[in-house]
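Novice: Take a look at the letters that make up each chain.
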Amino acid sequence: MNLILPVVVSGIGTGCFYAFVALGLQLTYSTNRMLNFAQGDIVVGGMFLMSTLNVVLHIPAAIALILLLPIGFIIGGLFEVIVFRPLAGRPILVSGLGPVAAGIALRGLYQFIYGSAALSVPPSVNGLIAFAGVSISVQQLLVVIGLIACVALLYMFMRFTWTGRSMRAVAENVEGASAIGVNQSRAKLIAVGMSGAVSALAGGLMAPLLGVTFDGGLNLTLIAFVAAVVGGLDSAIGITIGGLFIGLTTATVAAVGLSAYTSTSLFIVLLLAMLRRPSGLTSGGSSVASVK
Amino acid sequence: MTALVVDNVRGGYVRGVDAIRGVSLEVASGAVVSLLGVNGAGKSTLLRLIAGTMKLTAGGITFGGEAVGKLSAPARVARGITLVPQGQQLFPGMTVHENLQLGAYGRHRQADRMKATMDIVTSLFPVLSERMSQRCSSLSGGERAMVAVGRGLMSDPTLLLLDEPSAGLAPFARARLFGSIKELASTKGMTVLVAEQDVDNALAASSGVYVLQTGEVAAKGDPTAIGGDIFGALTGVYSEPTSAAPPS
Amino acid sequence: MTLNFLGRGGLGDRLFMGIRRRPERLIALVLVILVVVVPVATESEYLASVGGIVAFNATLALTATLLIGYGGQFSFGFPIFVGTGAYISSWMATHSSVPLALDVLAAGIVTAVLGILLSFPALRIRGLPLGILTLGLVLSGDEIFSNLGGADGVAGIPQLYLGGVVVGDVYMQLFVYVGVLVLTYLAVSAIVHGRFGRMLLLMKADEDTALSVGIRVIRQKELVFGVHALMLGILGGLYPFLLGYVGPALFPLDLALDIFFAAVLGGLLFPEGAIIGALIFSAIPIIAGSQAINIEPVVYGALLLIVLIVLPNGLLAVVPRARQKRTAATVATPEPAAVIHEAIASERSAQLRSGEPILRVQNISKQFGGLKALRDVSFDLGRGEIVGLIGNNGAGKSTCINIVAGFLKPNGGHVEFKGVGIDRWAPDRRAKVGLHRTFQFPSLVEELSVAENLMAAGEAMHPIFRRPGASVAESMETILDALGLTAIGDLSVGEVSLGMQKVVDVGRSLMTRPDALLLDEPAAGLAPVELPFMRSALALARDDGLSLLIVEHNVAFVSQLADRLVVLDFGGVLAEGTPDDVLKRANVIEAYLGHTVTAVAAE
Numbered sequence: 009m010n011l012i013l014p015v016v017v018s019g020i021g022t023g024c025f026y027a028f029v030a031l032g033l034q035l036t037y038s039t040n041r042m043l044n045f046a047q048g049d050i051v052v053g054g055m056f057l058m059s060t061l062n063v064v065l066h067i068p069a070a071i072a073l074i075l076l077l078p079i080g081f082i083i084g085g086l087f088e089v090i091v092f093r094p095l096a097g098r099p100i101l102v103s104g105l106g107p108v109a110a111g112i113a114l115r116g117l118y119q120f121i122y123g124s125a126a127l128s129v130p131p132s133v134n135g136l137i138a139f140a141g142v143s144i145s146v147q148q149l150l151v152v153i154g155l156i157a158c159v160a161l162l163y164m165f166m167r168f169t170w171t172g173r174s175m176r177a178v179a180e181n182v183e184g185a186s187a188i189g190v191n192q193s194r195a196k197l198i199a200v201g202m203s204g205a206v207s208a209l210a211g212g213l214m215a216p217l218l219g220v221t222f223d224g225g226l227n228l229t230l231i232a233f234v235a236a237v238v239g240g241l242d243s244a245i246g247i248t249i250g251g252l253f254i255g256l257t258t259a260t261v262a263a264v265g266l267s268a269y270t271s272t273s274l275f276i277v278l279l280l281a282m283l284r285r286p287s288g289l290t291s292g293g294s295s296v297a298s299v300k
Numbered sequence: 014m015t016a017l018v019v020d021n022v023r024g025g026y027v028r029g030v031d032a033i034r035g036v037s038l039e040v041a042s043g044a045v046v047s048l049l050g051v052n053g054a055g056k057s058t059l060l061r062l063i064a065g066t067m068k069l070t071a072g073g074i075t076f077g078g079e080a081v082g083k084l085s086a087p088a089r090v091a092r093g094i095t096l097v098p099q100g101q102q103l104f105p106g107m108t109v110h111e112n113l114q115l116g117a118y119g120r121h122r123q124a125d126r127m128k129a130t131m132d133i134v135t136s137l138f139p140v141l142s143e144r145m146s147q148r149c150s151s152l153s154g155g156e157r158a159m160v161a162v163g164r165g166l167m168s169d170p171t172l173l174l175l176d177e178p179s180a181g182l183a184p185f186a187r188a189r190l191f192g193s194i195k196e197l198a199s200t201k202g203m204t205v206l207v208a209e210q211d212v213d214n215a216l217a218a219s220s221g222v223y224v225l226q227t228g229e230v231a232a233k234g235d236p237t238a239i240g241g242d243i244f245g246a247l248t249g250v251y252s253e254p255t256s257a258a259p260p261s
Numbered sequence: 122m123t124l125n126f127l128g129r130g131g132l133g134d135r136l137f138m139g140i141r142r143r144p145e146r147l148i149a150l151v152l153v154i155l156v157v158v159v160p161v162a163t164e165s166e167y168l169a170s171v172g173g174i175v176a177f178n179a180t181l182a183l184t185a186t187l188l189i190g191y192g193g194q195f196s197f198g199f200p201i202f203v204g205t206g207a208y209i210s211s212w213m214a215t216h217s218s219v220p221l222a223l224d225v226l227a228a229g230i231v232t233a234v235l236g237i238l239l240s241f242p243a244l245r246i247r248g249l250p251l252g253i254l255t256l257g258l259v260l261s262g263d264e265i266f267s268n269l270g271g272a273d274g275v276a277g278i279p280q281l282y283l284g285g286v287v288v289g290d291v292y293m294q295l296f297v298y299v300g301v302l303v304l305t306y307l308a309v310s311a312i313v314h315g316r317f318g319r320m321l322l323l324m325k326a327d328e329d330t331a332l333s334v335g336i337r338v339i340r341q342k343e344l345v346f347g348v349h350a351l352m353l354g355i356l357g358g359l360y361p362f363l364l365g366y367v368g369p370a371l372f373p374l375d376l377a378l379d380i381f382f383a384a385v386l387g388g389l390l391f392p393e394g395a396i397i398g399a400l401i402f403s404a405i406p407i408i409a410g411s412q413a414i415n416i417e418p419v420v421y422g423a424l425l426l427i428v429l430i431v432l433p434n435g436l437l438a439v440v441p442r443a444r445q446k447r448t449a450a451t452v453a454t455p456e457p458a459a460v461i462h463e464a465i466a467s468e469r470s471a472q473l474r475s476g477e478p479i480l481r482v483q484n485i486s487k488q489f490g491g492l493k494a495l496r497d498v499s500f501d502l503g504r505g506e507i508v509g510l511i512g513n514n515g516a517g518k519s520t521c522i523n524i525v526a527g528f529l530k531p532n533g534g535h536v537e538f539k540g541v542g543i544d545r546w547a548p549d550r551r552a553k554v555g556l557h558r559t560f561q562f563p564s565l566v567e568e569l570s571v572a573e574n575l576m577a578a579g580e581a582m583h584p585i586f587r588r589p590g591a592s593v594a595e596s597m598e599t600i601l602d603a604l605g606l607t608a609i610g611d612l613s614v615g616e617v618s619l620g621m622q623k624v625v626d627v628g629r630s631l632m633t634r635p636d637a638l639l640l641d642e643p644a645a646g647l648a649p650v651e652l653p654f655m656r657s658a659l660a661l662a663r664d665d666g667l668s669l670l671i672v673e674h675n676v677a678f679v680s681q682l683a684d685r686l687v688v689l690d691f692g693g694v695l696a697e698g699t700p701d702d703v704l705k706r707a708n709v710i711e712a713y714l715g716h717t718v719t720a721v722a723a724e
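Protein chains in written order, with this note's numbering: chain A, 9 to 300; chain B, 14 to 261; chain C, 122 to 724.
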């Protein structure tokens with residue numbers, strides 16, 4: 009038990025981390041059918057912003073985190089207008105490269121503004137919690153809580169608001185959504201905006217736990233992508249399970265001393281997940297609110 | 014009073030050709046009019062042009078005296094023009110209740126109005142009341158057809174466009190559906206344009222008929238007058254001279 | 122300066138073929154010359170090393186043009202294959218006394234085998250898209266290479282000797298890189314501009330169509346993947362000898378991204394595009410970065426995005442180029458009237474050639490879940506006959522044709538073609554014995570001209586390694602002429618209307634000389650003025666000895682052509698006979714008007 013628990017706790021912590029990033033991916037994909045390969049860079053943007061708001065401008069952490077939401081929404085909206093909308097309908101390679109180019113630009117921007125050295129951000133809340141011989145920082149707990157809160161709020165939004173339901177409609181059947189009078193561009197804009205907000209918040213919560221570097225985004229995106237494939241892009245629950253799986257895999261691999269093969273083991277997990285799921289990335293019917 | 018006037022419209026541009034090539038039609042307020050034609054004749058395209066989900070290349074559409082040809086689809090839905098698309102196009106992962114609810118999305122979201130229209134739908138399709146919390150993906154073909162029409166009715170439309178609504182319904186249910194459409198039209202003053210392959214049922218409910226053939230109107234009139242010429246109008250094959258001239 | 126394309130010209134012609142037709146060749150040539158000349162002239166070792174890197178990237182991008190642009194297969198695997206080649210050759214060089222050239226060759230072969238092994242499951246199992254598979258592989262590549270080859274890589278790699286001269290300094294290395302680039306370019310160019318390239322484009326346009334002309338799609342895809350892996354392996358094999366070492370950091374995911382950008386922005390369908398794309402888009406960050414301009418990645422990223430948005434087919438797609446003209450370029454407007462007369466004047470009371478029917482459909486039934494789409498359907502297609510299969514929506518016509526063509530398996534019943542039962546045969550095998558089909562929306566290759574599309578179909582019928590000869594070109598000209606399409610022969614398919622595309626599609630089928638042709642709604646989507654072209658095309662096919670089974674909604678159209686009509690209703694045969702006879706029958710008329718009483722509901 010003493011051997012497993014730390015691994016599980018660590019795995020869940022890391023897993024929630026990646027699930028948070030993957031949540032942003034899922035929001036964009038379900039309504040827009042676009043894969044944002046710069047999602048991790050938006051998360052990193054949230055991290056840098058947290059640093060500016062909290063450290064430079066001395067805004068209290070709680071308020072800074074709240075501010076990240078509208079800022080992230082705007083970043084997401086910009087992505088929709090500048091990257092996704094002009095490339096809609098293009099072959100996958102082209103519409104996938106668009107976000108990659110945006111990621112390159114973002115990374116350059118971060119480097120220009122913040123420099124190349126890793127930034128550190130103080131925790132929003134200090135302290136450790138110890139139980140059963142394992143201790144986790146409150147910050148880590150905040151990440152988990154943040155993820156759960158986002159998933160819950162999104163679920164309620166998608167189920168109980170008209171806008172949310174209209175977005176699910178677009179995700180389920182575009183022609184049907186047209187027939188009931190949904191404004192597609194508006195729905196897509198909101199979806200990507202929300203994905204930006206979620207990612208910025210994720211960055212703000214995760215910043216104190218990592219050194220923030222301008223080029224960390226690509227790696228985050230790729231692992232989140234693997235989590236999405238493993239868990240399925242159809243639901244937030246699926247994404248979370250995928251993220252947890254990834255987190256537990258990395259934690260287990262590290263625990264048995266095989267950290268030199270972390271990526272390889274993720275690849276094997278990816279392979280197994282794909283074989284288990286013959287219909288590809290989704291099992292049909294994409295909606296944040298649908299429970300698998 | 015003519016509610017709907019379609020004036021020489023062209024549209025449905027797909028790979029170099031307009032699917033609809035100069036169609037004009039009129040539907041009186043509160044009337045039920047059938048749009049007949051074989052597959053590929055352009056019925057779906059015409060309905061989509063009227064609903065706004067496809068763009069006009071030429072011509073105009075007037076509804077209730079207002080020119081709607083240039084309006085977006087959401088704007089037309091807000092004005093009471095609702096399309097029940099071919100193949101139903103339901104939201105499979107969502108429940109029957111949610112699908113029906115969403116029918117009102119573009120038009121009104123008032124709770125009392127929704128309750129009233131929901132009552133109409135459940136009295137029209139009683140079996141749906143038992144299926145409210147079921148996912149649409151688990152419904153039978155006939156039940157799906159009912160949800161599709163129900164969703165359309167939820168918007169409390171003034172112009173209801175139906176694209177082959179009886180596909181998937183058993184014969185008795187089809188007859189009943191058309192009976193209900195006819196009744197709804199007269200009690201609520203709803204104008205209905207229905208595209209159909211099931212000619213007999215459609216004619217029984219309609220006061221007017223238009224027959225499309227490769228994007229143009231091949232015949233029109235009231236059901237009794239058209240009579241036995243329909244086969245000729247549908248297929249372009251005439252065994253004896255008729256009053257409805259085939260297009261050249 | 123205008124040189125003929127089809128059937129003429131040796132290597133020299135093909136290389137320097139009309140700059141007006143392929144201006145990208147001149148641009149690429151100029152850029153490559155600059156890459157060599159500028160560093161030498163300025164005596165800048167720095168520029169020479171940059172030139173080497175850029176040439177290396179260009180060579181990699183060429184394989185992307187082949188695999189992604191022509192092969193239509195999306196893979197992230199470039200760094201992995203290059204790395205494999207590098208590690209194998211350097212390992213062999215440091216652990217054995219095999220000469221360098223063989224090390225490189227071995228690296229290529231092993232990498233090719235690895236590639237085929239990888240593509241084997243990916244192409245056959247639905248849940249293993251090649252893109253995601255290779256993405257995962259590249260991400261773990263760093264670890265794989267570190268653990269297998271050591272994190273510091275392999276040291277002590279011997280130097281490269283070319284003709285007794287050691288390739289020591291940067292300039293010599295530059296020459297080697299550029300030399301390899303030119304060789305790879307010649308190879309890729311020869312592949313994609315010839316019949317293999319046309320076949321790849323045909324496969325990429327639509328696999329079902331490729332199957333229906335007899336192309337073994339999966340085999341060819343594996344071949345392309347293997348060839349590209351071979352090239353990458355050889356390139357990778359050479360790499361360590363130029364660098365002097367090899368290590369895992371050389372093969373990151375970023376390399377794949379650079380290659381994608383180079384190929385896509387240059388133009389995925391032009392080998393020259395890979396070169397131009399790489400030279401421009403690899404050089405920019407390297408040179409600017411060295412000048413310590415910090416804002417550069419932002420500008421670079423924005424530039425990439427803008428080019429992606431504004432130039433959907435890459436830089437080279439917008440370079441003005443002259444049309445490729447065929448030899449016999451009669452620009453007369455087509456005269457469908459004359460052609461129709463001929464066709465209709467010919468034997469309409471088709472004297473069926475004696476003998477068995479060419480196609481027998483016996484008691485076919487097909488169920489989709491609870492829905493019976495076809496119930497005990499039987500009919501024959503006689504030799505030289507045109508049979509029209511009509512019926513209202515949902516009658517089962519498309520299902521029937523899909524079963525006969527081999528795209529669907531029936532639940533019961535048999536299909537016999539030329540006396541042989543073909544029930545278990547895949548579409549490409551049916552195509553090879555003379556049973557072909559067209560689709561309601563033809564998938565012609567948009568990037569090729571009408572004439573080239575016909576060529577591609579004709580070539581596909583000949584085994585890949587044998588030259589089809591001038592007969593294919595001759596057939597193409599004859600068919601273009603007979604169908605009245607000569608005037609549009611040189612237009613690219615994207616510029617032709619759907620209706621005429623469908624006529625071209627019939628012509629494409631004629632190129633493959635089938636015995637029987639299944640047509641899925643040939644008249645659908647045609648403008649009224651285009652119908653005579655289709656009618657005469659089909660009549661010509663019948664006059665040419667083909668038997669035609671036509672599924673149609675346009676009853677008027679098909680009844681003018683058909684010898685017999687078979688009417689389907691709710692999945693069963695309702696009536697059969699001559700058009701005049703069948704279309705007067707009460708039950709047929711009723712079927713088109715819909716049923717009120719005795720409808721057969723879904724079980």
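I should point out that these hints are in silico values taken from the structure, not numbers from a laboratory. Keep in mind the model is a prediction, meaning the values are calculated, not measured. Glycine residues also receive a C-beta, built at the ideal position from the N, C-alpha and C atoms. Check the hints yourself; a few may be wrong.
Some but not every residue of chain B turned toward chain A, in silico, with C-beta under 8 Å [what the hints assert, rightly or not]:
1. 81
2. 83
3. 84
4. 103
5. 105
6. 106
7. 115
8. 118
9. 120
10. 185
11. 186
12. 188
These stretches of chain C come out as covered by chain A in the derived footprint (C-beta under 8 Å, 3 or more residues) [to be verified]:
13. 303-314
14. 418-431
15. 697-711
Novice: Evaluate each hint against the coordinates.
Specialist: Quick rundown of the hints versus the structure:
1. 81: violated (13 Å)
2. 83: With a closest approach of 16 Å, the residue 83(B) hint is violated.
3. 84: Given a least distance of 11 Å, the restraint on residue 84(B) is violated.
4. 103: Holds: closest Cβ of chain A sits about 6 Å from residue 103(B), inside 8 Å.
5. 105: holds (5 Å)
6. 106: Hint on residue 106(B): holds, closest Cβ of chain A at ~4 Å, below 8 Å.
7. 115: Holds: closest Cβ of chain A sits about 5 Å from residue 115(B), inside 8 Å.
8. 118: holds (5 Å)
9. 120: Hint holds; residue 120(B) Cβ to chain A Cβ min 7 Å, cut 8 Å.
10. 185: violated (27 Å)
11. 186: Violated - the Cβ of residue 186(B) stays beyond 8 Å from chain A, reaching only about 22 Å at its closest.
12. 188: Violated. Min distance 25 Å.
13. 303-314: violated (count 0)
14. 418-431: holds (count 10)
15. 697-711: violated (count 0)
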